[in-house]
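K.L.:
Numbering (full-length UniProt numbering), first residue to last: 1 to 234.
If you are wondering where the hints come from, they were derived from the structure by calculation, not from laboratory data.
A few of these clues could be false.
Claimed, not checked - Think about it this way: if two alpha-carbon atoms lie no more than 25 Å apart in a straight line, the pair counts; the simulated DMTMM-like pairs of lysine to aspartate or glutamate are:
| # | residue 1 | residue 2 |
| --- | --- | --- |
| 1 | Lys-111 | Asp-71 |
| 2 | Lys-18 | Glu-63 |
| 3 | Lys-199 | Glu-26 |
| 4 | Lys-223 | Asp-23 |
| 5 | Lys-76 | Glu-94 |
| 6 | Lys-178 | Asp-113 |
| 7 | Lys-3 | Glu-95 |
| 8 | Lys-199 | Asp-172 |
| 9 | Lys-229 | Glu-208 |
| 10 | Lys-3 | Glu-220 |
| 11 | Lys-98 | Glu-83 |
| 12 | Lys-25 | Glu-179 |
| 13 | Lys-76 | Glu-126 |
| 14 | Lys-182 | Glu-26 |
| 15 | Lys-107 | Glu-83 |
| 16 | Lys-98 | Glu-63 |
| 17 | Lys-182 | Glu-219 |
Claimed, not checked - Quick list of the computed label-pair ranges, beta carbon to beta carbon:
| # | residue 1 | residue 2 | range |
| --- | --- | --- | --- |
| 18 | Ser-75 | Ile-168 | 33 to 39 Å |
| 19 | Arg-129 | Leu-103 | 33 to 39 Å |
| 20 | Gly-27 | Glu-175 | 14 to 20 Å |
Every residue gets a Cβ at the ideal spot worked out from N, C-alpha and C, and that includes glycine.
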Amino acid sequence: MFKIRDLEVNYGYVNVIKGINLDIKEGQIVSILGANGAGKTTTLKSISGLVPIAGGSIEFQGEKINSLSPDKIVSKGIVHCPEGRKIFPQLTVEENLKIGAYLRKDKEKIKEDFHMVYEYFPRLKERNRQLAGTLSGGEQQMLAIGRGLMAAPKLFIMDEPSLGLAPIVVKDIFEIIKEINKRGVTILLVEQNAFQTVKISDYIYILETGNISLAGTAEEIGKNESIKKSYLGG
């Protein structure tokens, strides 16, 4: 479904992504783990067309998307839920969700997807007229995910969805990610919460200073002693 080959990304003269390869099969949850500064967010931004690539290729459903603009990439079905939520604080919850569907013309399906988002996140329905900037951190993350779902993703890219949230909210977010996947949405996840990530992922890549140092199934990664010490608290 999706593959990266020999991807390189530079910031100025600094080579931050150094020729990585990555594969995602349809229906999987694939995750990238790594320390701060490893290049995880940069990798996701390069997929979404938010940063230019210096080399290699990115393919989605057999088509190279390297040179496409971000809006064209979204129209192909790749949707990015960014780190830090990036909601529109001066707009209501409902307006934020409508923006997620701005490229779509299928009005009846959009209505269905509103119901789906409110089914996942009842608190958003309760607050649909409330300004997004007045929501709690957990509610804002729910809104960011809901807005992404309104774009009808085939591949849903999620960057640190649990960052800064209370443990009980984190648990809810990971349950929702699993439910979204069960509906047929393929997911590429970047997370600091390695324990929860290993529990829900099919395949995991470990990124270190712009290189993939290890890759394997969640079971293989979970049993790796060096990974357990570095990311899973032993």
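K.L.:
Hints first: check each against the structure and report whether it holds.
P.N.:
Structure-based check of each hint:
The suggested pairing of Lys-111 with Asp-71 holds, with an alpha-carbon distance near 22 Å, which does not exceed 25 Å. Using a Cα cut-off of 25 Å, the hinted pair Lys-18 and Glu-63 holds, with the two alpha carbons roughly 22 Å apart. The hinted pair formed by Lys-199 and Glu-26 meets the criterion: a straight-line CA distance of about 19 Å does not exceed 25 Å. Of the pairs offered as hints, the one joining Lys-223 and Asp-23 holds, with about 21 Å between alpha carbons and a cut-off of 25 Å not exceeded.
Between Lys-76 and Glu-94 the CA atoms are separated by roughly 24 Å; this keeps the pair inside 25 Å, and the hint holds. The hinted pair formed by Lys-178 and Asp-113 meets the criterion: a straight-line CA distance of about 17 Å does not exceed 25 Å. A distance of roughly 34 Å separates the Cα atoms of Lys-3 and Glu-95; the hinted pair therefore is violated under the 25 Å criterion. Note on Lys-199 and Asp-172: the hinted pairing holds, with a Cα-Cα distance of about 14 Å set against a maximum of 25 Å.
Of the pairs offered as hints, the one joining Lys-229 and Glu-208 holds, with about 15 Å between alpha carbons and a cut-off of 25 Å not exceeded. A threshold of 25 Å between alpha carbons decides the hint, and for Lys-3 with Glu-220 the separation of about 21 Å falls inside it, so the pair holds. Between the alpha carbons of Lys-98 and Glu-83 the distance comes to roughly 20 Å, so the proposed pair stays at or under 25 Å and holds. A C-alpha spacing of about 18 Å is found between Lys-25 and Glu-179, which places the hinted pair at or below 25 Å, so the restraint holds.
This hinted pair does not check out: Lys-76 and Glu-126 have alpha carbons roughly 32 Å apart, beyond 25 Å. Taking the CA atoms of Lys-182 and Glu-26, the gap is near 12 Å; set against the 25 Å cutoff, the hint holds. Between the alpha carbons of Lys-107 and Glu-83 the distance comes to roughly 29 Å, so the proposed pair goes past 25 Å and is violated. Distance restraint check for Lys-98 and Glu-63: the Cα-Cα separation of roughly 28 Å exceeds the 25 Å cut-off, and the hinted pair is therefore not satisfied.
Among the hinted pairs, Lys-182 with Glu-219 is consistent with the structure: their alpha-carbon atoms are about 20 Å apart, no more than 25 Å. Separation of Ser-75 from Ile-168 is about 36 Å and conforms to the stated range, judged on CB atoms against 33 to 39 Å. Distance hint for Arg-129 and Leu-103: a CB-CB separation of about 24 Å, inconsistent with the stated range 33 to 39 Å. At roughly 18 Å, the beta carbons of Gly-27 and Glu-175 sit within the given window of 14 to 20 Å.
Violated hints, in rising order: 7, 13, 15, 16, 19; the structure is consistent with all others.
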